[in-house]
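Chemist: So the chains spell out like this:
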Amino acid sequence: MTDLFSKFDALIQQRETLLSTGQRDPFSLVMEEVKSPTVAVVNGKETILLGTYNYMGMTFDPDVIAAGKKALDDFGTGTTGSRVLNGTYQGHRECEDALKEFYGFDHAMVFSTGYQANLGIISTIAGKDDYVLLDIDSHASIYDGCAMGNAQIVPFRHNDIEALEKRLKRLPEEAGKLVILEGVYSMLGDVAPLKEMVRISKEAGAMVLVDEAHSMGFIGEHGRGVAEEQGVMDDVDFIIGTFSKSVGTVGGFCVSNHPKFEVMRLVCRPYVFTASLPPSVVATAATSIRKLMHGSEKRAHLWENSRKLHAGLKALGFTIGTDEPQSAIIAVIMPDLEGGAKMWESLLNEGLYVNLARPPATPANMTLLRCSLCAEHTSEQVDEILGMFERAGKATGII
Amino acid sequence: MTDHASDPLFAEIKEEIEPFNAKGVEVTRETSFQKDLEWDSLTVMDFVAAIEDRFDIIITMNMQAEIETVGQLVDAVTKLRG
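Protein chains in written order, with my numbering: chain A, 1 to 399; chain B, 400 to 481.
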């Protein structure tokens, strides 16, 4: 008998080798208590959180929590059904209304996760003879959306305007085309040149989908994302986003001005064939989204935090994924997985949690310590974080 | 199928392979990108982009899934160039 698990042997071996050195497993950490958006208890130790996607710190907002509790009391724990059958409650509608207002778009569709939003929209709108052009550093949910559909998939080099333009020109003029871009790429925290890329895509007759998962609430005057910041909102056909980052709960969405967009509710399988979000989740999401519309002070503080951490780490001698801070993600490049894992553990012992990111999730086989800041981090916490990085970096020989 | 020694397209593709041929593998039509050249997915992406630009074609990921050997790539490029 062939053991179907034998294909994972190399990964199992790599993990065992790493753990046999006494290294703590970076991928099975448990938060025993969560005290605020920026502090949790890990292994009995109070730990600063610098590896969450809680950019705007909405998870403990009193209004958001109150809305969730009320919905739990009024509508129960779950919908036990699909959005198209019994699973659309008042709260789901209100959440979609909040999104339409937030983005100023005509249509909004809420999915159960951001992953499903990409999976559903991409696999449904791009058919067999259509072409999907995507940045090679796209998130797994975008690749999986491509794999689930049957369109022709054309990757292009990361953030390379010329590579995209050349490929658009090589495609048959009459073919349906979808260009998929991300506002912020989550591994290095770098921003896409949307202004140019959206323009050349539209000139080539392509529709444009932008995933703004890591920019919502933070980038752009109203927190609508990189497309807003670069002034191309009107030329973007679809924006995909998530509630599991700045919004502070779970869920995904797509907003669009396409006049026929509502048909998606009937044909998009990852929307139809799954249970809708619980009433408490959509209530917290709607309340949070409305508060994010007025979050300019928080946005300004988050930028301050990002700049301070970026400059501080650079001054300590760490190598950062971007020359300048472009988002709330600051990626510290590690020499290799072993060095990265050691540094990660050393930081955890100091009382700091960051993400250890490694191939295949990372570009160019890099090992990264990915730091993501929160608007609720105080300036003093950022100082503390820099002190921890200095001690851990010296102890492990990374700096 | 052409004899690779006299096929100018094979020679051109071989030329594009060389910068990525870290192991110095002898390249024939039968050479497998994964098994012989041991390329990972990132190397494949860079190489495909180089081939696309050299011949002004597009090799979709769908097509790439069907191409395992250098010979198969030569045939695919021949077809794509029309």
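Treat the hints as calculated values from the structure; they're not laboratory data.
Careful, some of the hints might be misleading.
In silico SDA-like cross-links for lysine to any residue, where the CA-CA straight-line distance does not exceed 20 Å [said to hold, decoys possible]: (1) B/478 with A/45; (2) B/434 with A/10; (3) B/422 with B/453; (4) A/166 with B/453; (5) A/169 with A/193; (6) A/166 with B/480; (7) A/128 with B/461; (8) A/35 with A/308; (9) A/169 with B/437; (10) A/45 with A/26; (11) A/195 with A/158; (12) A/166 with B/434; (13) A/7 with B/437; (14) A/45 with A/237; (15) A/7 with B/440; (16) A/166 with B/460; (17) A/169 with B/478; (18) A/128 with B/433; (19) A/394 with A/324; (20) B/434 with B/453; (21) A/45 with A/61; (22) A/166 with B/437; (23) A/308 with A/51.
Chemist: Does the structure break any of the earlier hints, and which numbers would those be?
Modeler: Structure breaks hints 1, 3, 8, 9, 12, 14, 18, 19, 20, 21 and 22.
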